[in-house]
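Trainee: Next come the chains, spelled out residue by residue.
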Amino acid sequence: MAPTLMATGNAAGSDLARLRRDFPILRQSVHGHPLVYLDNAATSQKPRQVVQAEADFSVLENANVHRGVHSLSQRATSRYDGARERVRAFVNAGHCDEIVLTAGTTAGINLIAQSYGGSVLRQGDEILLTEMEHHSNIVPWQLIAGRTGARIRVLPVTDRGELDLSRLPELLSTRTRIVAVTHVSNVLGTVNPILEIAALARAAGAVTVVDGAQAVPHFPVDVQTLGADFYVASGHKMYGPTGIGFLYGRRELLEAMPPWQGGGGMIQRVSFEETSYAPVPARFEAGTPPIAQAVGLAAAIDYLSALDWAQLRGHEDGLVAQAAERIAEIPGYRLIGTAPTRVGALSFVLEGVHPHDVGTVLDLRGIAVRASHHCAQPLMRRFGITGTVRASFAMYNTLDDVDALVAGLREVRQVFGG
Amino acid sequence: MSDPSELYQSVILDHNRAPRNYREMPEASAQAEGYNPMCGDQLKVWLRLDGDRIVDVSFQGSGCAISKASASLMTTAVKGKTPAEVEHLFQRFQRMVTGQDSGQAEQDELPARLVVFAGVREFPSRVKCATLSWHALRSALGGGRERPGPGGG
Numbered sequence: 001m002a003p004t005l006m007a008t009g010n011a012a013g014s015d016l017a018r019l020r021r022d023f024p025i026l027r028q029s030v031h032g033h034p035l036v037y038l039d040n041a042a043t044s045q046k047p048r049q050v051v052q053a054e055a056d057f058s059v060l061e062n063a064n065v066h067r068g069v070h071s072l073s074q075r076a077t078s079r080y081d082g083a084r085e086r087v088r089a090f091v092n093a094g095h096c097d098e099i100v101l102t103a104g105t106t107a108g109i110n111l112i113a114q115s116y117g118g119s120v121l122r123q124g125d126e127i128l129l130t131e132m133e134h135h136s137n138i139v140p141w142q143l144i145a146g147r148t149g150a151r152i153r154v155l156p157v158t159d160r161g162e163l164d165l166s167r168l169p170e171l172l173s174t175r176t177r178i179v180a181v182t183h184v185s186n187v188l189g190t191v192n193p194i195l196e197i198a199a200l201a202r203a204a205g206a207v208t209v210v211d212g213a214q215a216v217p218h219f220p221v222d223v224q225t226l227g228a229d230f231y232v233a234s235g236h237k238m239y240g241p242t243g244i245g246f247l248y249g250r251r252e253l254l255e256a257m258p259p260w261q262g263g264g265g266m267i268q269r270v271s272f273e274e275t276s277y278a279p280v281p282a283r284f285e286a287g288t289p290p291i292a293q294a295v296g297l298a299a300a301i302d303y304l305s306a307l308d309w310a311q312l313r314g315h316e317d318g319l320v321a322q323a324a325e326r327i328a329e330i331p332g333y334r335l336i337g338t339a340p341t342r343v344g345a346l347s348f349v350l351e352g353v354h355p356h357d358v359g360t361v362l363d364l365r366g367i368a369v370r371a372s373h374h375c376a377q378p379l380m381r382r383f384g385i386t387g388t389v390r391a392s393f394a395m396y397n398t399l400d401d402v403d404a405l406v407a408g409l410r411e412v413r414q415v416f417g418g
Numbered sequence: 001m002s003d004p005s006e007l008y009q010s011v012i013l014d015h016n017r018a019p020r021n022y023r024e025m026p027e028a029s030a031q032a033e034g035y036n037p038m039c040g041d042q043l044k045v046w047l048r049l050d051g052d053r054i055v056d057v058s059f060q061g062s063g064c065a066i067s068k069a070s071a072s073l074m075t076t077a078v079k080g081k082t083p084a085e086v087e088h089l090f091q092r093f094q095r096m097v098t099g100q101d102s103g104q105a106e107q108d109e110l111p112a113r114l115v116v117f118a119g120v121r122e123f124p125s126r127v128k129c130a131t132l133s134w135h136a137l138r139s140a141l142g143g144g145r146e147r148p149g150p151g152g153g
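Chains A and B, in that order, are what the protein sequence lines are.
When the letters of the first sequence are read in order and numbered with the working numbering, they come out as residues 1 to 418.
When the letters of the second sequence are read in order and numbered with the working numbering, they come out as residues 1 to 153.
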């Protein structure tokens, strides 16, 4: 049982301190200061349970899956299929066959774009994206639009950093086939109303593809309740390994989709004249999959599942709120994204100081933030900026981390004036 | 290094606040743009040649303090130089910011105003900021066109 989190916990002497002991990477110094890791939206740290699970698999159980009659291969297969079942339960999909294990969110979106998009899109059809998408939920659609003659349309973002839903009815046309939207903005932290968007998309005859990479580490996701047709995420942003992620797809959609990549493991019968393909989800898992990483992902899900989601969310929201309130005292601070429903990330600019310079001065104090366009250049243009500083929080962050961030930003002001 | 002022020396902060030769040059004989896809920094460099000498050089753009100050100081360092001399300066400068130079003696051969960027070597992710304007200048001079760096996120 993982320790519980106190909403206002400091690192010392609390359950939070116990939880932090699961993340040995946090106990190190950077430039002579204790590491303050606030780049969780880029990648989160792994608890020792995840690292151990991956290592144990590699040391004791490694074999290829779905191939061998020998015992080790059967154990590996059962661990791999076990990971799929954990993912299914994690997002409450109706059936394991609806879960494709992928290399990550980007791979998942590319799979949907190429396979689903490639088979349904016709000249003049429309793909509706939003202005807050990560490049990985823009570029795959541009690639398939270019090949099929489909058009890309864009749902705008309001000044507060929310999707302008008032524009949705007019942008959803009889030609809309796909609506691709992020569940949580990786820049603004805005939580989008997927339930509402998916319902409107469905009524217009379109499927909804949800990028859940920034959502799954922060709150429970139920794909059936949401009504999302596709839902994708990455292991490494939810305390799991890199190189593994998952794609949920409604069964009848997946079953009608052609393979994307060919290879071993995704076939039924092969001759040089003709090949028949394996049923889903194997059809979409060509080649030897990242098995140890899948085992690590299962361990990350186990770790998250042992926590109390409400407590976790309360803890993280408390940190973001504290940080937002205290950074506001710094001269020239401007918060980018002020939606009432936000999670995880806090993006801001400091007038007269480039985000990169903020990032470097903070790094010298051991504080890791991201300073860039966050792979969301259209959103940067929407706000008339080239980049932001983003502090993004995870379960193991503390009020001490917020203190360090605020002190670091005061130092930025000292160095650059203003 | 843990003191920001070792990297952000007062000369750099001064040129960031008030960049020199920060203007367009309609009468330029050559120009080129520099773009860093990692961070979105972009700048444009103009220059005017008289025979084989750079008689005027200017820049404009948006970027961090390192890239802006480096562009500004570069313009003050290359005026009056020939393309070959610029190339020599650039090679020395690049060796310094990437930590490949042989030390103080080699740095002493660079103008003091460029040596203020020596601290950049501690920050591999910032080397591109310091060299962005130099790459643009070399490109405007017709040489040194290099393959683009890795893509941004």
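What the hints contain is simulated information worked out from the structure, not anything from laboratory work.
No experiment lies behind these values; they were computed from the predicted model shown.
Yeah, the Cβ is synthetic: ideal placement off N, Cα and C, and Gly gets one too.
One or more of the hints may lead you astray.
Claimed, not checked - Some, not all, of what chain A presents toward chain B, calculated at C-beta under 10 angstroms:
id, residue
1, P34
2, H70
3, S73
4, R88
5, A89
6, E351
7, V353
8, A368
9, S372
10, M380
11, G387
12, F416
As the list claims (entries may be wrong) - Just so you have them, the derived chain A footprint on chain B, three or more residues with Cβ under 8 angstroms:
id, region
13, 5 to 14
14, 52 to 65
15, 80 to 88
16, 127 to 141
Trainee: Decide, hint by hint, whether the structure agrees.
Mentor: Going down the list of hints, with the structure as the test:
Using the Cβ-Cβ criterion of 10 angstroms, the hint placing P34 of chain A at the interface with chain B is not satisfied: the shortest such distance is roughly 13 angstroms. At a threshold of 10 angstroms, the smallest CB-CB gap from H70 of chain A to chain B is about 42 angstroms, leaving the interface hint violated. Hint status for S73 of chain A: violated, given a least beta-carbon distance of 38 angstroms to chain B, over 10 angstroms. Look at R88 of chain A: its Cβ only gets to about 30 angstroms from chain B, farther than 10 angstroms, so that hint breaks.
About 31 angstroms separates the beta-carbon of A89 of chain A from the nearest beta-carbon of chain B, more than 10 angstroms, and the hint is not met. Because the beta carbon of E351 of chain A sits about 13 angstroms from the nearest beta carbon in chain B, more than 10 angstroms, this interface hint is broken. The interface hint given for V353 of chain A is met, as the beta carbon of that residue sits about 8 angstroms from the closest beta carbon of chain B, less than 10 angstroms. Checking A368 of chain A against chain B: minimum C-beta separation of about 12 angstroms lies over 10 angstroms; hint violated.
Residue-level restraint check for S372 of chain A holds (minimum Cβ-Cβ distance to chain B is 5 angstroms; threshold 10 angstroms). A distance limit of 10 angstroms between C-beta atoms decides the matter here; for M380 of chain A the minimum to chain B is near 7 angstroms, and the interface restraint holds. Annotation: interface hint on G387 of chain A holds; nearest CB of chain B at approximately 6 angstroms, less than 10 angstroms. For F416 of chain A, the suggested interface contact is upheld, since its CB lies about 7 angstroms from the closest CB of chain B, less than 10 angstroms.
Taking a C-beta to C-beta cut-off of 8 angstroms, the region 5 to 14 of chain B contributes 4 residues in contact with chain A, enough for the three needed, and the coverage statement holds. Counting residues of the region 52 to 65 of chain B whose CB lies closer than 8 angstroms to any CB of chain A gives 4, which reaches the minimum of 3, so the coverage claim holds. Counting residues of the region 80 to 88 of chain B whose beta carbon lies closer than 8 angstroms to any beta carbon of chain A gives 0, which falls short of the minimum of three for the stated coverage. Residues of the region 127 to 141 of chain B with a Cβ under 8 angstroms from some Cβ of chain A number 1, which does not satisfy the need for three, so the listed coverage is violated.
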